[in-house]
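*Asks:* Following the hints, complete the assembly by docking chain B onto the known chain A.
Sequences listed follow chains A and B, in order. Quick note, the first sequence lines up with residues 1 to 116 if you use our numbering. Quick note, the second sequence lines up with residues 1 to 115 if you use our numbering.
Errors might be hidden in some of the hints.
What the hints assert, rightly or not - Using C-beta positions, here's what the derived DEER-type ranges look like:
| # | chain 1 | residue 1 | chain 2 | residue 2 | range |
| --- | --- | --- | --- | --- | --- |
| 1 | B | Asp38 | A | Ile46 | 14 to 24 Å |
| 2 | B | Pro83 | A | Asp26 | 23 to 33 Å |
| 3 | A | Lys115 | B | Ser67 | 41 to 51 Å |
| 4 | B | Asp59 | A | Gln44 | 19 to 29 Å |
To be verified - Simulated coverage check for chain B against chain A, where a stretch passes if three residues somewhere in it have a Cβ under 8 Å from a Cβ of chain A:
| # | region |
| --- | --- |
| 5 | 36 to 44 |
| 6 | 47 to 61 |
| 7 | 104 to 110 |
Unchecked claim - Partial chain A-side listing against chain B, Cβ under 10 Å, derived:
| # | residue |
| --- | --- |
| 8 | Gln6 |
| 9 | Gln44 |
| 10 | Arg50 |
| 11 | Gly101 |
To be clear, the hints were calculated from the coordinates, so they are not data collected in a lab. The beta-carbon is built from N, C-alpha and C at its ideal position, and this holds for glycine as well.
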Amino acid sequence: AQTVTQSQPEMSVQEAETVTLSCTYDTSESDYYLFWYKQPPSRQMILVIRQEAYKQQNATENRFSVNFQKAAKSFSLKISDSQLGDAAMYFCAYRSANNAGNMLTFGGGTRLMVKP
Amino acid sequence: EAQVTQNPRYLITVTGKKLTVTCSQNMNHEYMSWYRQDPGLGLRQIYYSMNVEVTDKGDVPEGYKVSRKEKRNFPLILESPSPNQTSLYFCASSFLGTGNNSPLHFGNGTRLTVT
Chain A
1 AQTVTQSQPE
11 MSVQEAETVT
21 LSCTYDTSES
31 DYYLFWYKQP
41 PSRQMILVIR
51 QEAYKQQNAT
61 ENRFSVNFQK
71 AAKSFSLKIS
81 DSQLGDAAMY
91 FCAYRSANNA
101 GNMLTFGGGT
111 RLMVKP
Chain B
1 EAQVTQNPRY
11 LITVTGKKLT
21 VTCSQNMNHE
31 YMSWYRQDPG
41 LGLRQIYYSM
51 NVEVTDKGDV
61 PEGYKVSRKE
71 KRNFPLILES
81 PSPNQTSLYF
91 CASSFLGTGN
101 NSPLHFGNGT
111 RLTVT
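Excised from the complex, chain A in its bound form (with noise of 0.2 Å):
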């Protein structure tokens, strides 16, 4: 079974800094997908940025990029530029590009607080 490791349950960063999130997954599959979600207290689960294991080139969504070490096994998420409405849990998920069951495997999820 696979299984998504959050190492960082907090982290905090000042306002305009950048912040990186850290993820790291176990699996004995070559083709997957790999996702970051956002969610602030309004407890919505906002999809962040998505990265297809069989694609080099790092996913970069506006202010957020990922950086994919297929080898190592390891989905950092970094934030530039950060913003207070960046405050949230973040969740990193694995999903098997053979599961029938489209079931999404997330991390513990690390609490990102921003200081003005």
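*Replies:* Showing chain B alone in chain A's frame:
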């Protein structure tokens, strides 16, 4: 507006009193799923459904039931709730896209407390 709607948003109940959390999506998604979120554990899948009348267990199905009589609805049923089912619950849906790349759309969560 495309959305997943789950109700209620908050629910407090007592041990053993049957309850249902409703979930409805208006995006014609084939796939629907229930997750529970607990501190430090992230979200864990309870049950999922690939289509009408097709349901299967996720990682933590004990104590839960689901049904999928219509494509848009996927209620979560707790026949005899216990305090260890106190949690935050999410319904999610998606298309069954090629290579499982279709993103999951989540409801806004139901905070359940069982005393």
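*Asks:* Now look at each hint and say whether the structure bears it out.
*Replies:* Hint check results:
1. B:Asp38 x A:Ile46: 14 to 24 Å: Distance hint for Asp38 of chain B, Ile46 of chain A holds at roughly 20 Å.
2. B:Pro83 x A:Asp26: 23 to 33 Å: Holds, at about 32 Å.
3. A:Lys115 x B:Ser67: 41 to 51 Å: Between Lys115 of chain A and Ser67 of chain B, where Cβ atoms are some 47 Å apart, the hint holds.
4. B:Asp59 x A:Gln44: 19 to 29 Å: 23 Å, holds
5. 36 to 44: holds (count 5)
6. 47 to 61: Holds: 5 residues of the region 47 to 61 of chain B have a Cβ under 8 Å from chain A.
7. 104 to 110: Check passed, 4 qualifying residues.
8. Gln6: Because about 8 Å separates Gln6 of chain A from the closest Cβ in chain B, which is inside the 10 Å limit, the hint holds.
9. Gln44: 6 Å, holds
10. Arg50: 7 Å, holds
11. Gly101: 5 Å, holds
Violation of the numbered hints given earlier is absent; every hint is satisfied by the structure.
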